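Colleague: Fit chain B to the supplied structure of chain A, relying on the hints for placement.
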Amino acid sequence: MAVSWNKDIDAALSQAKGQHKPVLVDFSAAPA
Amino acid sequence: MPIGVHIKENPAGFHRFDSVWTPTALVLDENGKERHRIEGYLPKEEFAAQLLLGLARVAFMQKKWADSEKLYDEIIQKYPNTEAAPEAIYWKAVSHYKGTNDHTVLGEVPKTLQQKYPKSVWAKKAIPWMA
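Same order as they appear, the protein sequences are chains A and B. Position 15 (the first sequence) corresponds to 15 in this note's numbering; numbering is contiguous. Position 131 (the second sequence) corresponds to 131 in this note's numbering; numbering is contiguous.
No lab work stands behind these hints, which were simulated from the structure alone. Check the hints yourself; a few may be wrong.
List time: in silico DSS-like cross-link candidates among lysine-lysine, alpha-carbon distance up to 27 Å [claimed, not checked]: (1) B:Lys64 <-> A:Lys21; (2) B:Lys78 <-> B:Lys125; (3) A:Lys21 <-> B:Lys70; (4) A:Lys21 <-> B:Lys125; (5) B:Lys63 <-> A:Lys7; (6) B:Lys98 <-> B:Lys111; (7) B:Lys63 <-> B:Lys78.
Now the stretches of chain B that chain A is said to cover, found in silico as 3 or more residues with beta-carbon under 8 Å [to be verified]: (8) 3–17; (9) 27–37; (10) 53–63.
Restraint-style ranges between C-beta atoms, simulated for each label pair [to be verified]: (11) A:Asp10 <-> B:Gln115: 44 to 52 Å; (12) A:Gly18 <-> B:Lys111: 40 to 48 Å; (13) B:Ala131 <-> A:Met1: 39 to 47 Å; (14) B:Gly99 <-> A:Lys17: 31 to 39 Å; (15) B:Lys111 <-> A:Trp5: 42 to 50 Å; (16) B:Met61 <-> A:Asp8: 21 to 29 Å; (17) B:Trp21 <-> A:Gln19: 23 to 31 Å.
Only a predicted model underlies this, so the values are computations on that prediction, with no experimental measurement involved. Glycine residues also receive a C-beta, built at the ideal position from the N, C-alpha and C atoms.
Next comes chain A alone, as it looks inside the complex:
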């Protein structure tokens, strides 16, 4: 299953708060 990653941290945090959902933040340095 493909994961739809958000790149806008503030927007995603705001969305998580509105939906009462936890957040996974993945920090990577791997080439795209």
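Modeller: Coordinates of chain B only, in the frame set by chain A:
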């Protein structure tokens, strides 16, 4: 809610959470508070178990004891061969105790951990609960 941050594309986002290394994964609660941090590569099963530890911690900190107990149990059932499993046994018992005030559940934990995960630090942490 998954957020992907590439440190070269978004260095401010990387430093915002005091990240110091990649890969790093954080589990935050709905208010953006960090509840679990995974630094460094992990094989798939270990990583999945660590993510569940994070979700269980979110529920635990929200005092949703039944939810956290269920999530810790999921780790124990699905990922018994991971580093997360003995930690899950420990915190599952704590969740149960917090939710019920039944301290007898704690007394079983040291024996279980000694039998299944004798080298785990969680086996040592549970020693004071020995009945």
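Colleague: Does the structure break any of the earlier hints, and which numbers would those be?
Modeller: 4, 5, 14
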